[in-house]
Structures are given as C-alpha cells and as structure tokens.
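Just so you know, the protein sequences line up as chains B, U, S, Z, X, W, F and C, in that order.
For what it's worth, my numbering labels the leading residue of the first sequence as 1, then goes sequentially.
For what it's worth, my numbering labels the leading residue of the second sequence as 1001, then goes sequentially.
For what it's worth, my numbering labels the leading residue of the third sequence as 2001, then goes sequentially.
For what it's worth, my numbering labels the leading residue of the fourth sequence as 3001, then goes sequentially.
For what it's worth, my numbering labels the leading residue of the fifth sequence as 4001, then goes sequentially.
For what it's worth, my numbering labels the leading residue of the sixth sequence as 5001, then goes sequentially.
For what it's worth, my numbering labels the leading residue of the seventh sequence as 6001, then goes sequentially.
For what it's worth, my numbering labels the leading residue of the eighth sequence as 7001, then goes sequentially.
Rather than coming from a laboratory, the hints here were simulated on the basis of the structure.
All values derive from a computational prediction rather than experimental measurement.
No residue lacks a Cβ here, since even glycine has one placed at the ideal position from N, Cα and C.
Treat the hints with caution; some may be incorrect.
[Claimed, not checked] Covered stretches of chain F, as calculated for chain C (at least 3 residues, CB under 8 Å):
id, segment
1, 6012-6025
2, 6045-6054
3, 6086-6095
[To be verified] Sample of chain Z residues facing chain S (criterion: CB under 8 Å; computed from the structure):
id, residue
4, D3038
5, R3041
6, D3060
7, A3063
8, N3067
Number of protein chains: 8
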Amino acid sequence: MNLLVYLAGEIHSNWREEIQEKAKALQLDIQFVSPMTDHHRSDHIGEEILGKQPNAITKDEAASQINNLRTTILMKKADLVIALFGEKYKQWNTAMDASTAIALQKPLILIRPESLHHPLKELSNKADVTVETVNQAIKILSYIYE
Amino acid sequence: MNLLVYLAGEIHSNWREEIQEKAKALQLDIQFVSPMTDHHRSDHIGEEILGKQPNAITKDEAASQINNLRTTILMKKADLVIALFGEKYKQWNTAMDASTAIALQKPLILIRPESLHHPLKELSNKADVTVETVNQAIKILSYIYE
Amino acid sequence: MNLLVYLAGEIHSNWREEIQEKAKALQLDIQFVSPMTDHHRSDHIGEEILGKQPNAITKDEAASQINNLRTTILMKKADLVIALFGEKYKQWNTAMDASTAIALQKPLILIRPESLHHPLKELSNKADVTVETVNQAIKILSYIYE
Amino acid sequence: MNLLVYLAGEIHSNWREEIQEKAKALQLDIQFVSPMTDHHRSDHIGEEILGKQPNAITKDEAASQINNLRTTILMKKADLVIALFGEKYKQWNTAMDASTAIALQKPLILIRPESLHHPLKELSNKADVTVETVNQAIKILSYIYE
Amino acid sequence: MNLLVYLAGEIHSNWREEIQEKAKALQLDIQFVSPMTDHHRSDHIGEEILGKQPNAITKDEAASQINNLRTTILMKKADLVIALFGEKYKQWNTAMDASTAIALQKPLILIRPESLHHPLKELSNKADVTVETVNQAIKILSYIYE
Amino acid sequence: MNLLVYLAGEIHSNWREEIQEKAKALQLDIQFVSPMTDHHRSDHIGEEILGKQPNAITKDEAASQINNLRTTILMKKADLVIALFGEKYKQWNTAMDASTAIALQKPLILIRPESLHHPLKELSNKADVTVETVNQAIKILSYIYE
Amino acid sequence: MNLLVYLAGEIHSNWREEIQEKAKALQLDIQFVSPMTDHHRSDHIGEEILGKQPNAITKDEAASQINNLRTTILMKKADLVIALFGEKYKQWNTAMDASTAIALQKPLILIRPESLHHPLKELSNKADVTVETVNQAIKILSYIYE
Amino acid sequence: MNLLVYLAGEIHSNWREEIQEKAKALQLDIQFVSPMTDHHRSDHIGEEILGKQPNAITKDEAASQINNLRTTILMKKADLVIALFGEKYKQWNTAMDASTAIALQKPLILIRPESLHHPLKELSNKADVTVETVNQAIKILSYIYE
Chain B
1 MNLLVYLAGE IHSNWREEIQ EKAKALQLDI QFVSPMTDHH RSDHIGEEIL GKQPNAITKD
61 EAASQINNLR TTILMKKADL VIALFGEKYK QWNTAMDAST AIALQKPLIL IRPESLHHPL
121 KELSNKADVT VETVNQAIKI LSYIYE
Chain U
1001 MNLLVYLAGE IHSNWREEIQ EKAKALQLDI QFVSPMTDHH RSDHIGEEIL GKQPNAITKD
1061 EAASQINNLR TTILMKKADL VIALFGEKYK QWNTAMDAST AIALQKPLIL IRPESLHHPL
1121 KELSNKADVT VETVNQAIKI LSYIYE
Chain S
2001 MNLLVYLAGE IHSNWREEIQ EKAKALQLDI QFVSPMTDHH RSDHIGEEIL GKQPNAITKD
2061 EAASQINNLR TTILMKKADL VIALFGEKYK QWNTAMDAST AIALQKPLIL IRPESLHHPL
2121 KELSNKADVT VETVNQAIKI LSYIYE
Chain Z
3001 MNLLVYLAGE IHSNWREEIQ EKAKALQLDI QFVSPMTDHH RSDHIGEEIL GKQPNAITKD
3061 EAASQINNLR TTILMKKADL VIALFGEKYK QWNTAMDAST AIALQKPLIL IRPESLHHPL
3121 KELSNKADVT VETVNQAIKI LSYIYE
Chain X
4001 MNLLVYLAGE IHSNWREEIQ EKAKALQLDI QFVSPMTDHH RSDHIGEEIL GKQPNAITKD
4061 EAASQINNLR TTILMKKADL VIALFGEKYK QWNTAMDAST AIALQKPLIL IRPESLHHPL
4121 KELSNKADVT VETVNQAIKI LSYIYE
Chain W
5001 MNLLVYLAGE IHSNWREEIQ EKAKALQLDI QFVSPMTDHH RSDHIGEEIL GKQPNAITKD
5061 EAASQINNLR TTILMKKADL VIALFGEKYK QWNTAMDAST AIALQKPLIL IRPESLHHPL
5121 KELSNKADVT VETVNQAIKI LSYIYE
Chain F
6001 MNLLVYLAGE IHSNWREEIQ EKAKALQLDI QFVSPMTDHH RSDHIGEEIL GKQPNAITKD
6061 EAASQINNLR TTILMKKADL VIALFGEKYK QWNTAMDAST AIALQKPLIL IRPESLHHPL
6121 KELSNKADVT VETVNQAIKI LSYIYE
Chain C
7001 MNLLVYLAGE IHSNWREEIQ EKAKALQLDI QFVSPMTDHH RSDHIGEEIL GKQPNAITKD
7061 EAASQINNLR TTILMKKADL VIALFGEKYK QWNTAMDAST AIALQKPLIL IRPESLHHPL
7121 KELSNKADVT VETVNQAIKI LSYIYE
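The following block holds chain B by itself, in its conformation from the complex (with noise of 0.2 Å):
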C-alpha cells in the first residue's frame, strides 16, 4: 500500500530530509511532497512569473496566488499530512496548513516541542496524534504499515 504524506511547516531546518531518509532505510512505500521549502523562491515566485508588481503587497499576492495553486494540488492527494512547529517565527502558513488537513478529514500528525504546548493547544487537540520529535512520527509511519 503506497502513501503520498505532505510534509508542511518549518523550512530552517532539515527535518524532511530526515524523515525521508529514516522511511526510505524502513522500506516504508511512502512518497513525500512539501510546500516550496526555498524561503527566497517561494516570496518572490511571483515576480518571476507575473513580472514586476506596483508594490510589496500586491508582490506578495503574486507569489502567494502561485504558491497556494501548487499547495492546494499537493495536498488534495496526500493520504496523510505531517506538520512541524519551531520555536521561532509566527508560522502562519503551517498554521494554516495544518487547519486545512483538519477541515479537508486528512489525518494530521503535528510535530511540536513542548515548550509550544499552551499557544498550539487547540489545534493540537484537533490534530490526529501530537508528537514533539520527528522521531516518534517516524515511528508511527512505521506503525501504520504493521
């Protein structure tokens, strides 16, 4: 049985990589996809492909428009969605990542360290599994395919 896992949120660190890496040494049948993961690509997408825009807000429409078409693709086909909070940054788009899988009946794992545990209660509560390290989300891939 093959699972296509949207991996959504922090983009500083390599925790993709990790899991992909961890899964693939598991044999587990799992394909990955990710929202654009290159900060600098992803803010000026639209630029790029819209051309110059009159101002920074409408330059944020621009690459936002391009980046939520390729996110919204992505996800509608995933069969699982794992989300990971860091210490830092605001974060809204894994926010919003992470709602969207609830909303859509996607199962969720959020991956968050415990110092996050009071602002990220309710969402935590309405993910499927809350786990604070990639570890243990590896883990229950794995547990799925006993």
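Given the structure of chain B, go ahead and fit chains U, S, Z, X, W, F and C onto it with the hints provided.
Same frame as chain B, but now just chains U, S, Z, X, W, F and C:
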C-alpha cells in the same frame, strides 16, 4: 435576510463590540457569535468541568477539547467568518479558525494591519477579502445588504 | 413553503422588478436576491472600501473580491437561480453565476433570446430549464407552488 | 507524481500543442485532456450520432448533450484546469468550464490578455492564478514539480 | 419539530389526501409536498410554457424539464420521502424519485402491495422501511413524534 | 441561538430528564430528541406496524428498520450529540449512534463512568469531549451559550 | 486514459457483449462491469449463501441485499453508467441504477426504444444523453477518446 | 478489478488468515488491511512512542490516538468493510468501525453469531449484508467478481 457571523481572533481589544454596535446602528439583520473571549476562562474551563488534571499539558488538553467543541458548533452555523489579526502574539487559533472557514467554504473576511502583509500573504490570498480596519469590514457587511 | 431565488445576469433592463412584481401579484412566497446591479457602484466598491489602488487591474481585483464575497453568501442561501442573458455584452459574470449554480446543484432556469441559442447551447443543456422570456420564468415559479 | 490537466477555452490557436510540447521538453509527468477542439465536429456530433433533428435548436441540444458528457467525464478526472480566453468571441463555454472547475474545487489557472481584465475581473478573482501568456502557465506547471 | 415530507408515486388514488388528513388528526407537525399529480397538466406543462414543440419527443422533453425542476426543489427541502407503488403501470418516476431519495441519503418509506415484492426487491432492500398500506406509513410518522 | 441536541444511550436511568430540567433551569435555548427509550416498545414496534413476523430474527429486522428510520431523521437535524454509556450491557446502539455522529461530523460529548475508560478509549479519543457525569455535560452546554 | 463503465439494465439480450466487442475493436481503453446478469442466480443467491429462508419475501430480501452490495461496490468505482431499457418488463432495477447514477453525479447514457419515450421522459431529461441503439452509445464512447 | 477490504473486529481468532487464504485460493484480486490485531501492542503503542504517561487514562488516550490515526488512513482507502463480532467482550471498536463504514457509505458485511441477533439488530439493519460465518462472507466476495 438574517446572517450569522462568527468573529474570530484578537481578544485583547473591543473590536467585537465595535462591529456589533455599528451593525446595529446600520440596522443590519446580523447575529454575531465568537470563540470564548475571556482568556482566563478559556484556559481554565477544562479543569473547571473535568477536575484537576495531572500536569500542564493535560490541563491544556482538557480546556482545548471544550473550547473546540464550542467553536465547532458555532462556526458550522455561521454564514460568514471575520478573522482579525493584531500586531502581537502568535494567534494560532485565529489562523486555525480562518483556515477552517476557508476549507469549509465559509466566506471569510480577514482584518490585519498592513505591517503583517508578508507573513499572512498565503492566508490573505485564500481569504475572500482582506482589509485593514474594522470599519472596512463593516462597510462590506453593509454592502451585502444593499 | 418559502423559496429564496437568486436573479443573475443582465443589469441594463428592469427584468428583476418585473419578476418581483408578478411574483407578488401571484402571491408566491418568494424572496429575491441579486448581485450588485448598480454597475458604477460594483466597479468602484473596491476603492471605496479599500482605498485608492495602484492601477486599473488592482482596482478591479479590489472590487471583484468584494462583489464575489457578496454573491457567494447570497447564492449559498438560494433554493433556485434564474440567469438572464441579453443580446449584448460578454456577460461573463452571468455565465459564471449560472455555471456555479449548476456545479453546486442549485436548480437553474436560463432565460436567453432565441438568437443566442447556438453560443449558449452547452450551458443551456446543463440548465434545468431554458426559456426565452421573463414571463415564461414566472409561469415556472407559479407551477412550483401548485 | 502524475497530474491530469484539462485545457479549456480558445480553439482557434495552437496553444494546447504549445503547452504539451513545452511540458514534454521539461519532462513534466503531465497528461493533458481537452474539450472537443474541432469546431465543426463539435457542432455536428449530435446529428451524426442521433440523426437529423427537427430544427436548429434541437440540433444544438443534441450536440451539446454529447459534448457535455465528454467534458464532464474528463473534468472530473482532472487535477488542474487551465482556461484560456482570447480577444474574440463570447467564449461562454470557457467561462462555463472555468466556473465549473472553481465550484468543484479544482485548482484553476486563467490565461487572458491584459485587455480583458475588466470584464473578467470576478472570474479572475475566483481563479487560483491569472496570467497573460501560455509561457507563464508553463512556468507554474514547472514550479509545481520543483 | 417540523418535518417536510415528499409524497412520491401513484397519482390515480387519493392516498395523499388520506395521509394528510390522518397526520392532521394526529396533530403531527408535518408539511407535505408532491410531484405534480394532475397527469394531464404534467404532460402539457412544457408546451403551455415553452410553446408548441416540433414533435412528441420534444414535447415530452419540454414537459419533463419543468417537472424535474419542480421535483428537485421540493425533494431537496424534504426530511423524509414516502413512495407508493400501485399494482398498475411502469411507474418509472416513482422508481426515480425513490432512488434519488436513497442516493441523497433522504430517509425513505416504500409502500407497495405484497404482490410486487419480487420486482421491487432490490429497491425495497435499499429503502429504510417497506410497508404495504398507507395506514402503516402513518403509524411510522406517528412513532417518529413519540 | 437555538440548538437541537440528540441524547443517545442508556435507557434505564432518568438522565435525559435530568439534562432537560437543568437546561431549562439555566434557560438554555435547547430542544432535545432521543431514540425510542421505551425498551419494550422499541422491540415490538416492527410487529405492531408490519404484523406478525415468521421468527425472532425477522421480528428484530422489522423493529430495527423502523427504529433506524426514526433515529436517522432525528440525528440529521441535530447540532450536537450526547452519548451516555452505563456500567452494564453491550450498548451497541450507543456505540453506533456515537460513531455515526463522528462520521457525520456532528460534535459529540461522551459520558462514561471512569471504569469504562479502557474499552472505550478509541471512541473517547474520537469524541470531541469525554466526561464522567451528566452534570459535566450540562456545564459544557452552558459554556456554549456564554 | 482508462475508464470503468457500468452497464445497467436489460438482461435478456446480448447487448453487453456487443458493446464490449465493439469497444475492443475500436481499441478503447475501457473496462466494463455489470449487475449480475444471470437472472436465476441473482434470484437465488440469498438462499445459496444465507440458507433456506422462511418465505418468499424473506428469500427476496436475502437475495437483494447481496445483489445491492455487489452493485454498490461496482457503481462507486464507475466513471460512466450506461442503462438500457427494453420493450418489456417493469425494469425497476434499471430505473434504480440509472437514478442512482444521476444522484451520485456519475455521467449517464440512457438507451431506450423510441416507443418508451413518454413513460421515460423525466428520467431521460435527467440523463446526460439519451439514444435509441447500442451503436449510438458506442459512437459516444469513441467520441470521448477523440 | 482490485478491491481493498478492511477487516474489522474480533482479534482472538484467526478469521483474518482464513479469509485471506480462501480469497487467494479463489484467485480474487483483493488486498486486505486491518486494525492492529496484536492486543498488547495496540494497548502500549502510546507509551512506546510518546513516552511514559501520568496515569492509566492518559496512557489510553496516547494509545488510542495512534490506533485511530492508523485505522482512519486504512478505512478511507477501503472499498468494502467486513466486521466480525464474536460471542465475548463489549467489542466497541468493532461497533465503531462498522458504524463509521456505514456513515462513510462504505459497503459493509457484518458477521455475527445468531445468538447476537437481538443486541445487534439496529446495526445489522444498517449493514448491507449480515451473515453468520466467515465462509458466507467469502462467498459474497467471490460473487462480486463473477
């Protein structure tokens, strides 16, 4: 035509009262609902109803399940969602409510200060309309009834 | 039994008033809603609420997001959609509203002059009923209540 | 990851071939489908299959039901819809296909010349992305696969 | 609690009046709707509204699109469907209404004479309840309100 | 704001009366519905309406189809489901009603004695909130209206 | 592009074989499925699997639940439904399958002799296309692949 | 045609192996999935992955969220669900899985000993087919492929 409008977000200012008073002054046939806006009460509702919990995380889990039940019932009945982001805090519940509205195909008005345009660009692109002030949101409510 | 009927299309004639008066004369328990029919107002609502925009395209974007929000709320509440095409103009909003009604499984009556039967043939085939005059649409409304 | 892309609109230029060749050159794993692009054939398919019809309207009705059946099957399978409006014609089938995609929550890229920005403003606002050239659409397809 | 009940089927006996009178006598808070039960009127409504048609088939097409529009609006509002098959006729509209109710997940009571148990066995198995008399259906309506 | 609450489960105690009285005392605008709580009547409703059945299994089949019709109509109208498990019996109808509520995305409050926490752990995890007493459920109802 | 086509209706002629052979000759990438077409087997499958039943009605109930399970699984997987009505019999299962396809938004081709146009007028109006011969249906299948 | 069948229920006998072997012997193109059938492992998976929990209830909560995630992913992919009730235990997970299948409109075969016909009567009435032995379920699987 009666509308039920769910007011998500910011609980440290009186913007909900402002919207309700102005809607009343304009004689718009609108009923407003909200998440629990008493921060202390929303944090302690779990232990208040379910009793003392073993630690801070399970206390949060207890509170959040009751807050989410309340929110879900109200949002399912809403015709329109208005979500206001302020300058401070991570506001992940606001992002969660806004994203849930989008995924449930509930029309969404996003209110955010211009300063937040960059971190909120993807969410803003998914919202039906993004404005910067409560007054602008009121004008849209009024336009619906013209 | 009360019905809410959304009247899409043509804004340069008084067909909406005609339908409403005749429905009233026939004592049909129907409430009617419409997209913004004041052309000038619908074109300028964006700048009126969101302020001066940098160019004509962003001015249009500002107006259209507010018009679409208004339309979405009204169409979601409708039990029936009536869309009238006139002889002139591209009328893409009429085509959009009619197609949206079909995809949302809202019953649809299409009113179009016989002269347009060829370019509207696919849309006409998807509509529940196609007629040529407002009077014929009124007779159908009356038949629903027999 | 394989995608099925439905190409709606304009049948008097070779933009579909252009997209397909460039997608192939970029080695994107995409399969393309379209409405019937042979205008004469799409107009006469009704009488060809169902036999001579009594008049021009019923001839159109015969053709359109077969064209719509074909289109419905293809669009239901699509992961993404690209709709191209040209400078000429009423193009109501393009508007219908684009609006159907939106209502079915299929991601939609709209291609239209800048000159049409005003009459298409509401449809453009509902599309996920609006561009002006086929090349820009290709770049978006490529970005999805990065 | 108010219920809207759609009464499909048999138009050559007065079973609808019987149900309505008994429901009234039992003071059940039920509103009843039906397809057009005047056979002659339902056959001629197409030409009455759309004018003389070229042949018998297009006359039927004209009538049926108006009858279907009427039926669709009513059934979408119904909380419960009761479909009565009589001994005679093919009654394909009854089968169509009953099957539509099932596919739309509207609860369905089937009334049919015992003699029809074999040809209706699959439809009966899909119905929520199958009874043989109008009186039995009334008893079920009454039981819902206990 | 009026809510319709479906009270599933336990029919050998007066917990439904308790909830209704307390909700009334608190002036909560709630209407309550339930499955048939007269055990003898729910077991015999099949033969009462459909007549003597050939054996115990077909007698049960006759009763259950009428009970299920009744339950389906009521649950589809509910805004919230409360399911109470007692210490005794297999209570498979309670499990069925609770699971149906979850799958239909109806918010669910589960009431169960602490002693049942282990066999009900998966159902409890899927419920929105799990409590141990009727009083706790009342407090949640009250919190929704704050 | 592979399609799964469900062939409903008429079991006393070899029209299914005809369609399958012609589709093969035309090299259309189509897989066909059907309800049980062995009449005797479909009538007795209940007792064959569940054992002797107390009477004719319960024997029918036993058979129909297994036939319906089989049909439901197959129709849910279908991309297109073709339903053929013959001159004889009540054919309520054909009407049920065709109506189910419509309500599930599965594209539907109806094949019926011209002589049945009047009693099938409402069902025909709801079908995507109505034809009179198997050959016409084949031509439509071929047109989908052009 | 490949089917994915989810086998819910009873974990203390080898009925899953029996079904899989017989399906293989009959060369049915079926893939089977199940909830975790190792009772000890399913009870401890929470602490194994999430670490030591403060008490028995939170230990159960930890395990159940992971078991539910696993089950949800598998059931969403299934074409058919088979649920087996044994003579012993409360088997609320079996009731939950069976009811979820019904509410998600997944076809359901219920296997239960005749002795349980009374307490399972409502669930049995909602199932597509109820049988008493694994062999009968196998015969139905085989009939689907005829």
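* Broken hints, numbered, in rising order? -> Violated hints: 1, 3, 4 and 5; rest satisfied.
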